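Asks: Chains as they are written, first to last, in my numbering: chain Z, 1 to 336; chain S, 1001 to 1336; chain P, 2001 to 2336.
Where hints are given, some of them may not hold.
Stretch-level coverage of chain P by chain Z, calculated; a stretch enters the list once three of its residues show a Cβ under 8 Å from a Cβ in chain Z [claimed, not checked]:
| no. | segment |
| --- | --- |
| 1 | 2078–2084 |
| 2 | 2182–2196 |
| 3 | 2314–2320 |
A few chain P positions that, by computed beta-carbon distances, are all more than 12 Å from chain Z [to be verified]:
| no. | residue |
| --- | --- |
| 4 | N2056 |
| 5 | A2145 |
| 6 | E2173 |
| 7 | G2177 |
| 8 | K2178 |
| 9 | K2210 |
| 10 | P2216 |
| 11 | E2237 |
| 12 | L2283 |
DEER-style ranges, computed between Cβ atoms [stated by the list, open to error]:
| no. | chain 1 | residue 1 | chain 2 | residue 2 | range |
| --- | --- | --- | --- | --- | --- |
| 13 | S | L1299 | P | D2241 | 21 to 31 Å |
| 14 | S | G1274 | P | A2145 | 20 to 30 Å |
| 15 | P | A2145 | S | D1309 | 17 to 27 Å |
These aren't lab readings, by the way, just hints derived from the structure by calculation.
Bear in mind the structure is a predicted one, so any value in this text is a computation, not a measurement.
Every residue gets a Cβ at the ideal spot worked out from N, C-alpha and C, and that includes glycine.
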Amino acid sequence: MAASSSLFSCSMHMELFSPKISKCPTDFVCCRSKISYMFDTDTLNAIFKVARDMENIERNSPESQILEGYLMSTIFYEPSTRTRHSFESAMRRLGGEVLTTENAREFSSAAKGETLEDTIRTVEGYSDLIVLRHFESGAARRAAAIAGIPIVNAGDGPGQHPTQALLDVYTIEREIGKLDGIKVGLVGDLANGKTVRSLAYLLAKYKDVKIYFVSPDVVKMKDDIKDYLTSKGVDWEESSDLVEVASECDVVYQTRIQKERFGERLDLYEKARGKYIVNQNILKAMQRHAVVMHPLPRLDEITVDVDADPRAAYFRQAKYGLYIRMAILKLLLVGW
Amino acid sequence: MAASSSLFSCSMHMELFSPKISKCPTDFVCCRSKISYMFDTDTLNAIFKVARDMENIERNSPESQILEGYLMSTIFYEPSTRTRHSFESAMRRLGGEVLTTENAREFSSAAKGETLEDTIRTVEGYSDLIVLRHFESGAARRAAAIAGIPIVNAGDGPGQHPTQALLDVYTIEREIGKLDGIKVGLVGDLANGKTVRSLAYLLAKYKDVKIYFVSPDVVKMKDDIKDYLTSKGVDWEESSDLVEVASECDVVYQTRIQKERFGERLDLYEKARGKYIVNQNILKAMQRHAVVMHPLPRLDEITVDVDADPRAAYFRQAKYGLYIRMAILKLLLVGW
Amino acid sequence: MAASSSLFSCSMHMELFSPKISKCPTDFVCCRSKISYMFDTDTLNAIFKVARDMENIERNSPESQILEGYLMSTIFYEPSTRTRHSFESAMRRLGGEVLTTENAREFSSAAKGETLEDTIRTVEGYSDLIVLRHFESGAARRAAAIAGIPIVNAGDGPGQHPTQALLDVYTIEREIGKLDGIKVGLVGDLANGKTVRSLAYLLAKYKDVKIYFVSPDVVKMKDDIKDYLTSKGVDWEESSDLVEVASECDVVYQTRIQKERFGERLDLYEKARGKYIVNQNILKAMQRHAVVMHPLPRLDEITVDVDADPRAAYFRQAKYGLYIRMAILKLLLVGW
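Assemble the whole structure, with the sequences as input and the hints as a guide.
Replies: Printed below as a string of structure tokens:
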């Protein structure tokens, strides 16, 4: 397949999983010497094409059994029921089986200090693929470096959460129908939200993208992303007028202001959280074809009365995540 | 099928599940505008007939695979390993798959306040049916109101636990062979036990039922149920003589005195708990065809030496619960 | 099969599981009046032969489905993610299904005191086999005494952990190719480690075995095992020279010094833990065919640079545990 070769024309840094697996059904997973895939747009498009196939799999069809006989371990060092559910559903929707560990810290506590590496080397004996959530940045890379089976990074601390970024881009493509030429407003906590940082990074792969940053001053987008976008020739601007931005954009991507980032300065938090709310006023300003996205969970930064509007895409976005994860599991275990 | 029409001749209030599902294989699940089923005796009998079929499914028969390709999520906001195990076993005995969440409160804690509604809308994207246990009365109704897939109420706080009530009635029918004309002694904590309250309520649907209440004064059956039984023409009486009641009844339904209801008045608890014990004396008084039931867990309100008597039906009762839950899952996912 | 008869020529005390099951597919599980199996070497060899078959099962082959339609409950009263994962993987690798309870103490807390026996009698209604981990010595025996389905002991407190002992012996047989005439050095915490105690016990079944004990003085092997070995004619000695022992042995079996055993005497712990480390020096002394084993988790009693040596067998040992557990599940559910 043409797209598979592009998997190795690395142009972006986002660790998703380890290609080190014992059998090599396809080129995709055959690159034993590398521990991360670099996504270019051809690769993304190829993955999205597989995800689209996943949307159309019917119950009890042969396609619903393509991962029969495969066993996935979810090893979560910090709980994330939502992400775990999504991966486990994806595995089961393809006929595969799951071993669950919701409290993987117990591995190390029981051991009074077992290393992540030892845990991985034990668990890889029991399963065919590991989905790892860890509290330390770089944990997925460490795991992939010693594992003989694929490691999927389901978020490692302040580091990356690459399947979230993939599903966000896939959602835009499915909802708007294009990525080149897209106008996206990123709203809310842009300083701490890794979702919006990763999304900005991925969008820079596409042509003629325009990005608006709308956030309270205390949680503005950091310079590293701005500089990266500039270096890639991406047009971006900061704005304090959400209504204006909403009227321009194809996508209003709202995020939660994270209270836990404010420590004792609850006054700053209260001031920040109420500043940019997606409500009926914003919907009124938005174009008919535009959508509202949110990585969830949602508090009151999108009012509940928005849910009924067909442009509220955030629950569909969670569902697209299922298809993206089905695609990734399929690609890692049986190839293209 | 004749019975299915009676599902809509609502005469009793017991929320079991949401009929709002996206596909309508049968009449049973087709009633999108309603969010609860009202059980009359025809409906109960029809469900029991399906449960009876479930008892006879053989390992690896085609019937053991009727839910193949279906995925059930158990979302438990408070732990109830017993109930969760029963539902998950039921699903797997029919070839279906399960996604487990034992600590669903984490959904909201991670979210610092995500609503039940948002959790349901996310999880419904991952599965075909949700079994919900919640700490708040009315939670199942709220979930069903927004879900696009069936919600089974596995207990919502001080509210209802409808599958327990169903399995209790099914147990009586299976053990005694009839429900009309039955004599049942309800024993123990009748004030707080939702099991006995729901059972009294359901038994009122049948003819010529006689109910005895035997309980310490501090935990007597409340007037609402007594008034309801009277209004339905059910013969009931209170008694303090368990031996006498045991000799009259087809079913002695014992329950645990719940220590946690007594707060600091442990003296009252100690007095209440020892008052009515099912032991060899009670067995001696009971008729040969009669049985002892208990919703479990059991402490010392039934002595261990009763277990060996064939009239000790409480572990069989737990097993009947499995068949009832198999029947419910089957009806909700593939219809009659 | 010839070996099956030897299952009843009991010569060793190690409770593994209950033979009381409702159906008797083979002699192996038919012995209803006994609650433990006594392993002699013929039995061990027969089990190892089945384990060897398990190593060669291919994905989606008919053999990978021999437990289709069977349901295993894991009831863990204390967490042991590693052991649970191993059993659950074993069950799924044979086509069976799993019900998980990671926090079985909740059974009793919810019940404010439900007995283990009642929990077992409830759960046996939901599944075909129970894997039990408990914090009290003798719990597996109690469970097996009342259960109508097989109970597999996955460790009961300071009592036994028989599948660990089985997999240790299997590992030696697979790595060294023999058990008669073997020389094994047991190193580390020999006073508290039930692994090394059980292993010494099992090795005494074989001919011409030589055992070396190498441990800090505070955690020396206890007299009961030494006396047992002497009574069986097993040659053993204590040594403080790990290099010398390593040069003699086929197997260096290292264990973790358990900090929690030292209470407030952390000075003694620190002195003990550093005394016998398996590192490059030990590897240099070891023969080419010899191996290093460890029950895991490992702290620093084996240095990480040992991992790359082909004689480091501890991760393979974990994998052999999977095959042993597959064999046991197969034997208990469908027989030889």
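Asks: State for each hint whether it applies.
Replies: Consistency of the hints with the structure:
1. Counting residues of the segment 2078–2084 of chain P whose C-beta sits closer than 8 Å to any C-beta of chain Z gives 4, which meets the bar of three, so the coverage hint holds.
2. By the rule of at least three residues with a Cβ nearer than 8 Å to a Cβ of chain Z, the coverage given for the segment 2182–2196 of chain P is violated, with 0 such residues.
3. With 3 residues bearing a CB less than 8 Å from a CB of chain Z, the segment 2314–2320 of chain P meets the requirement of three and the coverage assertion stands.
4. Non-interface status of N2056 (chain P) relative to chain Z is upheld: no Cβ of that chain comes within 12 Å, the nearest being about 15 Å off.
5. No beta-carbon of chain Z is positioned within 12 Å of the beta-carbon of A2145 (chain P); the least distance is around 29 Å.
6. The Cβ of E2173 (chain P) sits about 18 Å from the closest Cβ of chain Z, beyond the 12 Å cut-off, so the non-interface label holds.
7. With a minimum CB-CB distance of about 21 Å to chain Z, G2177 (chain P) clears the 12 Å threshold, and the non-interface call stands.
8. No beta-carbon of chain Z comes within 12 Å of the beta-carbon of K2178 (chain P); the shortest separation is about 24 Å.
9. Look at K2210 (chain P): its CB is around 30 Å from the nearest CB on chain Z, clear of 12 Å, so calling it non-interface holds up.
10. Distance check for P2216 (chain P) against chain Z: the nearest CB is about 17 Å away, which clears 12 Å, and the non-interface claim stands.
11. The beta carbon of E2237 (chain P) is kept farther than 12 Å from every beta carbon of chain Z, the shortest such distance being approximately 30 Å.
12. No beta-carbon of chain Z is positioned within 12 Å of the beta-carbon of L2283 (chain P); the least distance is around 18 Å.
13. For the pair L1299 (chain S) and D2241 (chain P), the supplied restraint of 21 to 31 Å is violated, since their beta-carbon distance comes to about 58 Å.
14. Distance hint for G1274 (chain S) and A2145 (chain P): a CB-CB separation of about 28 Å, consistent with the stated range 20 to 30 Å.
15. The beta-carbon spacing between A2145 (chain P) and D1309 (chain S), approximately 19 Å, falls within the hinted interval of 17 to 27 Å.
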